[in-house]
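Undergrad: Listed here are the chains, written in short residue letters.
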Amino acid sequence: MVIITNNPMVRDKFDTLFIDGAYADVLASVKKAVIDKHWTLLTHPLSGSLKPNETYYRTVFLDNTHLQYIDMQSLEYIEAAIRVYDKFMRDKPRPQWPAKVLADFAFIDFDIAQSTLQRMGQDATRLTKGGGS
Amino acid sequence: MKLVVGKINIKAVVLDDEEKIEGSTLHINKQNIIDLVLADDRLADCDIEIAKPGDSTRITPVKDVIEPRCKVDSESGIFPGVINKVNLVGSGRTHVLKGCGVMTVGKIVGFQEGIVDMQGPGAELTPFSKLIEICLKLKPKDGLDPHQYEEAARLAGLKSADYIGKLGEKVEPDEVETFETLPLLEQIGKYPHLPKVGYVYMLQSQGLLHDSYVYGADAKHLVPTTMYPTEMMDGAIISGNCVSACDKNTTYHHLNNPVISDLYKQHGKEINFVGVIITNETVYLQDKVRSSDFVAKLAEYMGLDGVIISQEGFGNPDTDLIMNCKKIEEKGIKTVVVTDEYAGRDGASQSLADADKRADAAVTGGNANEVITLPKLDKVIGQLDYVDDIAGGFDGSLREDGTIKVEIQAITGATNELGFNKMSAQEV
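If you read the protein sequences in the order shown, they are chains A and B.
The first sequence begins at 1 in the working numbering and counts up by one.
The second sequence begins at 134 in the working numbering and counts up by one.
Here chain A stands alone, though its shape is the one from the complex:
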């Protein structure tokens, strides 16, 4: 499993494929991985009710088993998420948030990621940095 994220809080806790960029860059790299590497989405790319022109952070979980084909369901979900993202940003770009608000957005994204790991029945320590094999 691979975690693609631009959230430093998630990066600091788990082994991730960290994107030093924006929400849109996370969605773009997820799409690229689905197409080029034939990876499969494990989580919904629009998790949480925070709007794409509101939160800065995005964390997506993928199965990095290389399939013989592109998983069309994964492609549909990520493409729909990119369309939703573009629509929101076109309407109203994200404000310049104060550091405190950014930290809160990071925390919510982190918490949803952590709850999701629990739901997956994944041993979070296995993915935790320095926490196991």
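No lab work stands behind these hints: they were computed from the structure.
We put the beta carbon where it would ideally sit given N, CA and C, even for glycine.
Keep in mind that a hint or two might mislead.
List time: in silico EDC-like cross-link candidates among lysine to aspartate or glutamate, alpha-carbon distance up to 20 Å [stated by the list, open to error]: (1) LYS135/B <-> GLU319/B; (2) LYS459/B <-> GLU76/A; (3) LYS490/B <-> GLU79/A; (4) LYS100/A <-> GLU283/B; (5) LYS299/B <-> ASP206/B; (6) LYS512/B <-> ASP489/B; (7) LYS140/B <-> ASP307/B; (8) LYS467/B <-> ASP493/B; (9) LYS87/A <-> GLU151/B; (10) LYS140/B <-> ASP351/B; (11) LYS274/B <-> GLU208/B; (12) LYS464/B <-> ASP426/B; (13) LYS218/B <-> ASP351/B; (14) LYS509/B <-> GLU533/B; (15) LYS464/B <-> ASP479/B; (16) LYS92/A <-> ASP479/B; (17) LYS144/B <-> GLU305/B; (18) LYS538/B <-> ASP91/A; (19) LYS100/A <-> ASP278/B; (20) LYS538/B <-> ASP511/B; (21) LYS13/A <-> ASP278/B; (22) LYS490/B <-> GLU76/A; (23) LYS270/B <-> ASP149/B; (24) LYS398/B <-> ASP438/B; (25) LYS163/B <-> GLU152/B; (26) LYS163/B <-> GLU151/B; (27) LYS509/B <-> GLU152/B; (28) LYS402/B <-> GLU313/B; (29) LYS92/A <-> ASP25/A; (30) LYS100/A <-> ASP150/B.
Simulated coverage check for chain A against chain B, where a stretch passes if three residues somewhere in it have a Cβ under 8 Å from a Cβ of chain B [unchecked claim]: (31) 35-44; (32) 85-93.
Using the hints, position chain B against chain A.
TA: Leaving out everything else, chain B in the frame of chain A:
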């Protein structure tokens, strides 16, 4: 399961030493409620203010709204598994204090949202402007973890509504209504010629500030199950959902679910309302597949002819909505979905993040991206400094003249996806 609901109309709320309901006036003792709330040592401060319909008052940020209720002559209490014993509820007698609500106010995180105006154009968009609001202004202990604060604030509201609701236990209600759904086979046999209709109730369940609880259990860990509609009226489902003010279901919505009350209005006339299937909205795609498979399986198992599906939230839950709709339709059961829209400020964009041709009957609660200018009001309960930081707000939302320009998604309940509001759309 049969529930008798006695409605006590409350037309005034006054702060007093004595606690009672006299005529249609609710007398509450401020200090007693503050003591009850501050018994939770995670909270540092609590103050209570009353806001009335028509007041020049803006309440924000609103976390939850709860209607005071109580069980009558019963060992059970409302909100089972949360603040009362986890007994099965939904039968016997319940008294409701209609016309008032307990509202928890305070920001848990920096971008906490939710505006309720008691007058003006904003008031038109929220059902909570029509209630006398007993506002609990909460402050946490310094450095309290957001999970702990969210839980403390959630329990403060529920405990206060339970405490105030009990003042109605011995009061003769103004109006009494009875709701009854029989065990499945008996219910089907009662109106054999009417179409069997069920309700699929989707609950927000993604993580912190995005949770719902069923008899105290975190909904994200549940598999779909069936419930009697009357269980909701006793607080079997409560809200821990604080994000997306316009389309989150507050606990008030769960207690007064309009899909359930409208289905009951036609029960035995046009339809046979046989029950509710609750399900969740998770982040993990495997959970979505399992939950929607179970929902469709239960709908088939119950022999339903038609189903109403309601959603809560935006984006990710659109996928659950469509999965539920598609899989139920594939069983040959007709569906109607209830949702809201993020169709852009001009309303011209695609409304949902997911779609399917089988979702051909939809009711919308309105377009959350619509922009509104809220006038300056004389009084603020809560704090305004965050208004630029909320969903639908943006740099400069709070203008110098005190007016606020926001998308209606900042207003609590504005596009509620149970249909608990006035807005909708018609195909032309």
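Undergrad: None of the hints should be skipped; say for each whether it holds.
TA: Results of checking the hints against the structure:
1. LYS135/B <-> GLU319/B: Roughly 13 Å between the alpha carbons, so the hint for LYS135/B and GLU319/B holds.
2. LYS459/B <-> GLU76/A: The hint holds at about 16 Å.
3. LYS490/B <-> GLU79/A: This hinted pair holds, its Cα atoms lying about 18 Å apart.
4. LYS100/A <-> GLU283/B: Distance of about 18 Å is within 20 Å: holds.
5. LYS299/B <-> ASP206/B: With Cα atoms ~11 Å apart, LYS299/B and ASP206/B stay inside 20 Å; holds.
6. LYS512/B <-> ASP489/B: Given pair LYS512/B, ASP489/B is violated - Cα atoms ~46 Å apart, limit 20 Å.
7. LYS140/B <-> ASP307/B: 6 Å, holds
8. LYS467/B <-> ASP493/B: OK: LYS467/B and ASP493/B at ~10 Å, within 20 Å.
9. LYS87/A <-> GLU151/B: At roughly 55 Å apart (the allowed maximum being 20 Å), GLU151/B and LYS87/A break the hint.
10. LYS140/B <-> ASP351/B: 30 Å, violated
11. LYS274/B <-> GLU208/B: The hint is violated at about 34 Å.
12. LYS464/B <-> ASP426/B: Roughly 11 Å separates the two Cα atoms, so the pair holds.
13. LYS218/B <-> ASP351/B: 16 Å, holds
14. LYS509/B <-> GLU533/B: With Cα atoms ~10 Å apart, LYS509/B and GLU533/B stay inside 20 Å; holds.
15. LYS464/B <-> ASP479/B: 37 Å, violated
16. LYS92/A <-> ASP479/B: Status holds; Cα separation ~12 Å.
17. LYS144/B <-> GLU305/B: 15 Å, holds
18. LYS538/B <-> ASP91/A: Holds, because 15 Å separates the two Cα atoms, which is no more than 20 Å.
19. LYS100/A <-> ASP278/B: Within the cut-off at roughly 14 Å; holds.
20. LYS538/B <-> ASP511/B: 17 Å, holds
21. LYS13/A <-> ASP278/B: Distance ~18 Å between LYS13/A and ASP278/B Cα, so the pair holds.
22. LYS490/B <-> GLU76/A: Roughly 15 Å separates the two Cα atoms, so the pair holds.
23. LYS270/B <-> ASP149/B: 19 Å, holds
24. LYS398/B <-> ASP438/B: Holds: LYS398/B and ASP438/B sit about 18 Å apart, inside 20 Å.
25. LYS163/B <-> GLU152/B: 10 Å, holds
26. LYS163/B <-> GLU151/B: Holds, at about 10 Å.
27. LYS509/B <-> GLU152/B: 35 Å, violated
28. LYS402/B <-> GLU313/B: Given that 20 Å is the threshold and the Cα spacing comes to 14 Å, the pair holds.
29. LYS92/A <-> ASP25/A: 18 Å, holds
30. LYS100/A <-> ASP150/B: 41 Å, violated
31. 35-44: Coverage by chain B holds here, the residue count being 4 at a Cβ distance below 8 Å.
32. 85-93: holds (count 5)
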